[in-house]
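So the protein sequences, as listed, match chains A and B.
Using our numbering, the letters of the first sequence correspond one by one to residues 1 to 472.
Using our numbering, the letters of the second sequence correspond one by one to residues 1001 to 1603.
Read the hints as simulated data drawn from the structure, not as lab findings.
Even glycine gets a Cβ: it sits at the ideal position worked out from N, Cα and C.
Keep in mind that a hint or two might mislead.
Said to hold, decoys possible - So the derived label-pair ranges between C-beta atoms look like this: (1) B:Trp1306 - A:Thr315: 13 to 23 Å; (2) A:Pro124 - B:Ser1100: 52 to 62 Å; (3) A:Thr315 - B:Pro1309: 14 to 24 Å; (4) B:Gly1236 - A:Asn321: 22 to 32 Å; (5) B:Thr1063 - A:Pro454: 51 to 61 Å; (6) A:Asp456 - B:Arg1500: 53 to 63 Å; (7) B:Ser1572 - A:Thr146: 56 to 66 Å; (8) B:Ser1095 - A:Ala222: 52 to 62 Å; (9) A:Ser145 - B:Ser1393: 32 to 42 Å; (10) A:Gly223 - B:Pro1522: 26 to 36 Å; (11) A:Asn321 - B:Trp1306: 17 to 27 Å.
Spelled out, the chains give:
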Amino acid sequence: MSNFDRRDFLKTCATGMLTAGLVPGARLAFAEVAANSYDTLVIVYLRGGCDGLSLLTPISGNDRGFYEAARPNLRVPVSGNGAALPLANSASANATWGLHPRAAALNTIYQAGRMAVVIGAGMPAPVTRSHFDAQQTMEYGTPGSTGISSGWLTRHLASANLPANITIPALSAGSITANSLIASTESVTMGNGGDFRIDSSAWNWNSRDRYVDGNGNINAPAGFQGLVERLPELWAGNSPLEASGRQTLDALSIMRTINFQNYVAANGATYPNTGIGNQLKMIAQLLKANLGMRVAALDLGGWDTHNDQGVPTSTYDPFGNNVEQLSAGLAAFYRDLNGTGANNFAQRTNIIVMSEFGRRLRANGSNGTDHGYGSVMLALGGSVNGGQVYGRQDFAGLAGEALFEGEDVRVTVDFRRVLSEALIRRAGNNRLGYIFPGYAGYAPLGIFAGTDLPPDYTNTFDRVFASGFETA
Amino acid sequence: MSTTIAPSPLLATRNSLVSALRAAIGLPEAQAAADMRRPDKAPIDQRLVETEAELPPLSPAATPPDWIRWLTKATYGYSIGEAVDFQALPGASVSAKWDSWVNRQLDPASIVDTECSNRIAAAGYLTLGKSLPQLWNDHVRLDPPYFTRMLPAAETECATIVRAVYSKRQLYERMVNFWHDHFSVFGFDYDIGPLMPSYDRDVIRAHAFGNFRSMLEYVATSTAMQLYLDNYASRGADFNENYARELLELHTLGAANYFGPTPPFEVPCLQADIHCEGTVPAGYVDNDVYEAAAALTGWTIRNGYWQYPTENDGAFTYRADWHDRRNKIFMGLYIPPNSQPAMQDGRLVLNRLCAHPGTARHISTKMCRRFVGDNPSATLINAVAQEYAAQISAPDQIARMLRVILTSAEFKSSWGGGMKRPFEVAMGGLRGIASDFTPKPDDTSNWTTTERFAWHMQLSGHRSFSWSPPNGYPDRQSAWASTGSLAMTLKMLAWLPEMRVNNDGNSSLLSDIATHTNAVFPQSAAPTATTMIGYWCDRIFGYRPEPVMSVVTGFLQQNAGVAETINITTDSWNINNLKLHYTQQRLRTAVGMLMMSAEYFRR
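Excised from the complex, chain A in its bound form:
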């Protein structure tokens, strides 16, 4: 059952399997364990402006000297305790590079050729050092403008020529939808699968599934409808509010049949019990359930390190703690998905890590770093041509005159270039003009395996076609 969508599910139920279908977890039993027939993009957003120069540190060459001079008390060392992890294939004009030591689990994936790093990545001009401006315009996919009011992932989904019916095309992990998925009617925003059900009203009138017996049979009499079944009638109107209410009730209904508590990660993976660890685990479960998820977005905050950022040579290391959370979470996710044969979900899962901007080369007076410009991006997955630092040929370096305004890492790789490559080579969507209006001159860096398509830079888009009149 490779294309198991909600309509099929309901039909199956209606012909006699309904009761079994409503047993928590039974839904998953229907879906064969099989690698999905489509790719999933997982976008991890590091909120607050990640210090790219600590995540990926120059470990030799002139740039190392500039780095040490600018950060007398805020260095990742090149040897000894807390030393950076040297990366092969990382040489830029004036440096070679190493990963933060707390990213050891990611380093393993890099060494295995399944993680790539992009250096000098960020937003093209106009430059903004505002978190909220930068995050919003980046996630809208429109540097310098917030006028478009839908996310780049929203427009990707709308233009990706997807089948008409997909149970969950997109997930935004959290309680408030990421701007990259804003205005999408085909996404679920959910922080925690196990909690994502209305089960808090008086028990005997909560829902039909309250009357399930030990064999999975629902013994509520015909005609019984609890709160859960009646709720849609209170959200039937025409306002935008009610439209989102219906989307919410759809999402609750889909998730209600899934047992999120009993998930066992594969391949010996152990998810850290952190926000990002739990959200990645939830995404892995949904991904393996083959619910059609093309896109997932999640956040990791805490990168706004103006004060006492920490160094890996000290036990006080807030930045390093955050790196470890990211690293341990992503490594568990990758391992969980990286089975063989039919269990090779990693092959079609493409993780991209990004942040709104990097931080200034020069440390401030309170052992922190203020808002800067260029940063790094990461790409992980079974289809990533990893083990390399991309963008290094174009990297401007850390010499004073090479820096933006003499202070910040220059952006030499437009973030849209990386995302576009994932869209074209992995998701088969070449509608760059629609997804990133105004973007031109795309050329792949070669981060992802896949087939190139000529970019379509037109930004008009036939909504009628997209609305599902194509055959599924």
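Given chain A, work out where chain B should sit, using these hints.
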């Protein structure tokens, strides 16, 4: 069993008819939960999008009377008590009574608020009366266990709930909440938690209706904000820019007036073609952030820093030796170098920011959005901004701005242009069902009602003082209509009628809806589903919206006739005759359904 899913009857407006049909033909076995993606669904919901253009006016099925809309938008939700108080106000017309209401609410000290203050006193909170030095000593310096360290934040959260539900100074409480968002700190942060009673009381509550410039300096010098945005550690030429940036971007001018890394003299001036004395640039650039940061160096706290180990009471102080003494040019204003009077450089920055029309517009827009809806008109924003400027030195500048909003035609006519946020519907729900809830932190292993309430708020994404970035909780429908937040808000609302003294299945309900209903409608009065749901609509909404009234009545009624009495004196299993099946639980569920309707989220 039917093999096809009938077209959903849920969109029909004639719900009573549908209910009757259902009963006659047997109900569909499962609601057809649609795919998130499906052919008939627009790929991008443009209606929810934040745009500069105004949203089309909404036309809900039934609109409430004017004065109930006004109360709903200006308070934490309609309640019978609010209505009674309103009707007792002087004024021959509803409009005149509204003017009286606004006048009274803008003078909160004139409102006797005994029920609320008694409830807070009875709660026995331990930390809310402590001064800043006491909080610092007891909860920071003495390094108590985590529960005690964070007790001040937890009790501030509890008192915030009590005031939102029970205070008669409703407009004041809404404005306190507004400023907690505008000058947001992460209250459950390890460093800030111990100080929250002082930040709430001495900074936010003390100035919620006051003067913006004055409030801004109280915020700037508050220990909570000093810690949150790192200004306490900003010293000399290697200053820390965190606070200065958010001061400009979030607290005063707003991102709309940010010109990026542009050279300062390329920003156009508002009053002249060239930058000179008496003009002000249209907005700020990164260089102004750096200059403001330099001007604010030396503004710090007495936290036992190694240079001053004996100064450790948590209070604000100015350290001239930490001040960056170089000259500065902030938004066209030349600030000379060297020995200025203490704090003068920083105060010049605050003055310049507060005098800027961009700040007036930014603050006014946010206030209008909070009280009118997502897209207030430029006309209203300008009127409020003009009041800001005209009253720039008035001690009640903010109250005067609020009056402009609340007495405007736009406030009076708008409805449905915004969405209540989770905290607002939660507080409204507790008010509507007259819940008896005094939350209190707990140090035991019990999962208490207070803790469960906080958990529900956390799931909704809107627990008080829990937003970690400095921009405060969002105030637009596009955020709170997210499936995650809305689903978890519905989950919380479903629980409100089930809340008990202890978070168990048998202690007393905080709002005993069945007992109350029995008292109002004894069996001798033969109450029907319509009677009872009408009553609860009146309590919760102040009107009887359709289709909410019909749908919920049908749910309570089950297979009973329209005129048939529903017996809610007992609560027992009777699955073969649904009208008798757990009637008290059904009534509580029905009352929950009223609050879980789209109608209840409108404002």
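CB of glycine 1236 of chain B to CB of asparagine 321 of chain A, is that within 22 to 32 Å?
Taking Cβ atoms as reference, glycine 1236 of chain B and asparagine 321 of chain A lie about 29 Å apart, which means the hint holds.
Range hint 52 to 62 Å: satisfied by the CB atoms of proline 124 of chain A and serine 1100 of chain B?
Since proline 124 of chain A and serine 1100 of chain B have Cβ atoms about 57 Å apart, the given range 52 to 62 Å holds.
Mind checking the hinted window 53 to 63 Å against the Cβ distance between aspartate 456 of chain A and arginine 1500 of chain B?
59 Å, holds
Lying within 32 to 42 Å: is that true of the beta-carbon distance serine 145 of chain A to serine 1393 of chain B?
38 Å, holds
The hint says 52 to 62 Å between serine 1095 of chain B and alanine 222 of chain A; measuring C-beta to C-beta, is that right?
53 Å, holds
Hint check for proline 1309 of chain B and threonine 315 of chain A - Cβ pair distance inside 14 to 24 Å
Holds, at about 23 Å.
Return holds or violated for the Cβ distance of threonine 1063 of chain B and proline 454 of chain A against the range 51 to 61 Å.
Check passed, 53 Å falls within 51 to 61 Å.
Is it true that the C-beta distance of serine 1572 of chain B to threonine 146 of chain A lies inside 56 to 66 Å, as the hint says?
Holds: the Cβ-Cβ distance is about 57 Å, inside 56 to 66 Å.
Outcome for the supplied range 17 to 27 Å, where the beta carbon pair is asparagine 321 of chain A and tryptophan 1306 of chain B:
24 Å, holds
Holds or violated: the 13 to 23 Å window for the beta-carbon distance between tryptophan 1306 of chain B and threonine 315 of chain A?
19 Å, holds
Kindly confirm whether 26 to 36 Å is satisfied by the beta carbon distance between glycine 223 of chain A and proline 1522 of chain B.
For proline 1522 of chain B against glycine 223 of chain A, whose Cβ atoms are near 29 Å apart, the range 26 to 36 Å holds.
In summary, the structure agrees with every hint in the numbered list given earlier.
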